[in-house]
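Given chain A, work out where chain B should sit, using these hints.
There are 2 protein chains.
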Amino acid sequence: MNIKLKSLFCPESVAVIGASNSFDKLGYHVMKSLVEGKFKGRIFPVNPKAREVWSLKCHASLGAIEEPVDLAVVVVPAPLVPETLHECGKKQVKGVVMITAGFREIEDSKGETLQEEIGKIAAMYKLPVIGPNTFGYVNRTFGVNASFTPEFSRLNRGGIALVSQSGGFCHLCGFLAMAQRMGVSKLMSLGNRLNVGFPELLKHLVEEDEATRVITLYIEGLDNPRELLEAAKSARGGKHIIAYKSGKSEKGDSASRFHTGSLAGDYQIWKGALRQAGILEVTSAEQMIDAAKALDVCAPLTGPRIAVLSGQAGPGMIAADAVEKAGLKLARFSPKTQETINRLLPPIAIRSNPVDMGPAWYDARSSLDILRAAVEDENTDGVIFIAMFASANVGLVKALAEYMKNIEPFPKPVIAVFTAPSGIWEEEIAELDGARGISVVPTPERAGAVMGDLLKADLLRNKRLAN
Amino acid sequence: MNIKLKSLFCPESVAVIGASNSFDKLGYHVMKSLVEGKFKGRIFPVNPKAREVWSLKCHASLGAIEEPVDLAVVVVPAPLVPETLHECGKKQVKGVVMITAGFREIEDSKGETLQEEIGKIAAMYKLPVIGPNTFGYVNRTFGVNASFTPEFSRLNRGGIALVSQSGGFCHLCGFLAMAQRMGVSKLMSLGNRLNVGFPELLKHLVEEDEATRVITLYIEGLDNPRELLEAAKSARGGKHIIAYKSGKSEKGDSASRFHTGSLAGDYQIWKGALRQAGILEVTSAEQMIDAAKALDVCAPLTGPRIAVLSGQAGPGMIAADAVEKAGLKLARFSPKTQETINRLLPPIAIRSNPVDMGPAWYDARSSLDILRAAVEDENTDGVIFIAMFASANVGLVKALAEYMKNIEPFPKPVIAVFTAPSGIWEEEIAELDGARGISVVPTPERAGAVMGDLLKADLLRNKRLAN
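Taken in sequence, the protein lines are chains A and B.
The numbers in my numbering rise by one with no breaks, and the one at position 325 of the first sequence is 325.
The numbers in my numbering rise by one with no breaks, and the one at position 104 of the second sequence is 104.
Heads up, some of the hints might be wrong.
[Unchecked claim] Computed Cβ-Cβ distance ranges for the label pairs, DEER-style:
(1) A60/A <-> E426/B: 39 to 45 Å
(2) K271/B <-> R343/A: 37 to 43 Å
(3) M124/B <-> K329/A: 45 to 51 Å
(4) D108/A <-> A430/B: 37 to 43 Å
(5) G327/A <-> R332/B: 35 to 41 Å
(6) K329/B <-> E67/A: 54 to 60 Å
Since the hints were derived computationally from the structure, they do not count as laboratory data.
If you're wondering where the values come from, they're calculated on a predicted model, not measured in any experiment.
All C-beta atoms, glycine included, are put in the ideal place defined by N, C-alpha and C.
Bound-form chain A, shown alone:
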């Protein structure tokens, strides 16, 4: 089946089959997502028992809608799904998001039978289906939230797509992403993957989605992993692919079987296969976000020589440890850079790498000048820049943000750590994060780790492109 996904993700009009005014129905929350997410196209609630849903005219059936419908979001009970899919086919919708659960993932074998049945119907009409057993998708680039979680409309827009086998993981990662200001293009759970799986999505994101620069995958288990790996291997262009594989343990494996209907498989084989396919493996949601963010907004890290500049010596030492733990090295500054640093910092500070910028606390201009000197040094490949809030340096990050407005993006990755109590530096950090090639992470340890991932990702992508 030749799957066309562009219209599914960029619909002009959406029907919600099973739309509801009752808070305890998912059809309520899907309507809320579309309405409050300020979807610009037409929204058609469908429910034979209502005249209005969310103050919009409600239709008794999909067929009763006179205008064309691009996307149908299905939230009716599982037994009604076959009939609903026939209606979708007849209405010539271009895509379906099937939130309804109760198919291949349940213990009862009737679920498997029902999934086979709806698979045939979808094939008959050539209907691409996200799900069943999904929370839906959000396309932040196009501005549509076709999910039961309205809060995903708060996600920053950006270049990162998350394709997950689990809706719960999207919620975990999505909310962590909000807190870390990660920029998202698309976020979705594939659920039971009736006819749209990882390979189809990968192809779509690589070839048809210009906004996506980094593709992140959360995989529990696949019946045919080879398809995904081949799709990754043949992905041209410069997009990075990151994968998080769960279900590593025996118990996890059997949980995966029940969760989205596929065995998890041997983790060690997965590990090697992902590397072979040029995919960066991560082992936590936090690592995934740190790496994806940096790959999205920073220049590539093309070598292992890292400079650590810190407003406090301790966090600088921690970052230096983390750099070496990640298999990278602390750069040795060129004489020119060292001169600049020695001019800007008094001899009471540690002026080799890691640099203790303590004496520049009150002096954002010097901090910025040291940062620029470290980035421009031919002996460095990337820079970690750290500042802990202390009452006396409260103006530092604001002044830095001000100065940085007038500079070109850094041609090497700059990973920054700005730690402060809640309510302090927040606007300024939001302004700096993602701008001018800077990505902010929460701790010095994670700054070192993400540098390691940046270098690995670059090597993996180059290997993939060279094939």
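Below, chain B without anything else, positioned relative to chain A:
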């Protein structure tokens, strides 16, 4: 020298030598910490050039104060410190916090000489000195913020003491602790450790500080690590000791030399020595906070059998992987518990371990009943409880918090993950975190990891007590 620390940390009166009305002086911020931190004793600003500081009468010298002074916080320039210390001795202050830097940590050998000189003066008057080259200390139990960072007065009160060789680490850890609602007793940086070092602090915290249940140490390098290790080994009672050792790399080692005047030493030797001393080693600030929090508020984990209960299957699988990665096992429920779960959850959910509590989204009572059954099961040693926010389950955590008001603290550790966008569930999470033996961590991966640390900490403490 027989060091008495209790009065240093619980002063009735504090003099700030170098108090200032100028924002760009640290003496301004120390005054702010004391005044805004609502210190209940007397505050005496000392500065010959001012009549009033922070609206308090200013004294020309320490000697000019008529009342007794328990604690002197020193923020004058280094060359004035010897004279100031003499004054402290004559005034019979019970302790000194020396924020002033420019001693053993600087490149210039004059620093070393000056530190030797003030060491002799302190010994002459038997003056215990925190510092020099410290940001100060905060005693949340007693209610005194003797540091240049007023925001530390926002730290939750609790049973965790942080003794750090680096002020920057206190700021990193302190602000992360605020975001994670960690309860702090004392937070301090020892700086150059003129005469108060880790062994003295450990003894004080174990023997004299009832509020402290968990002692966390951040160590860069020590001239005589054996003293600390012996102090830890001989620490009686049930207090846990956690250490984070930085300066692991060669470069870090030389940075440590300049930062607080001691070589970092061989990391592998440290690793073994910490374990021998019954100290739990952690390798990141986040891990330190997760472990300390759980040790402070949860019952001990006395075995490896963990139950994972999750409102979403994906995060449950991730936690299950993390449990096994931490060297623990997924518990097999007793028939009674399994019956309870099967009664409360329909067969469409995964009901073995990890349990998918998806169908109990709208039903906090069932979620709580499953949690209680899992905790009471003789086949479990600890429980991980996970809920991701989704619009439809917005009431879950509030109802849980409500139900839990009436239950006894859990007799086994319960590590919870509640993930939501900012502004949602925040109050409820704050209410649940730390109450009834529950500790909240940010991700399922960290829930599994902290269970591993709980078990290790218990084994290490028992080993220490058995010696």
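So, going through the hints one by one against the coordinates:
In this structure the supplied range 39 to 45 Å holds for A60/A paired with E426/B, their Cβ-Cβ distance being about 42 Å. Between K271/B and R343/A the C-beta distance comes to about 40 Å, which sits within the given range of 37 to 43 Å. M124/B and K329/A have their C-beta atoms about 47 Å apart, which keeps the hinted 45 to 51 Å range intact. For D108/A paired with A430/B, a C-beta distance near 41 Å keeps the hint of 37 to 43 Å intact.
Distance hint check: the CB atoms of G327/A and R332/B are about 39 Å apart, consistent with the given range 35 to 41 Å. Separated by about 57 Å at the C-beta atoms, K329/B and E67/A satisfy the suggested range of 54 to 60 Å.
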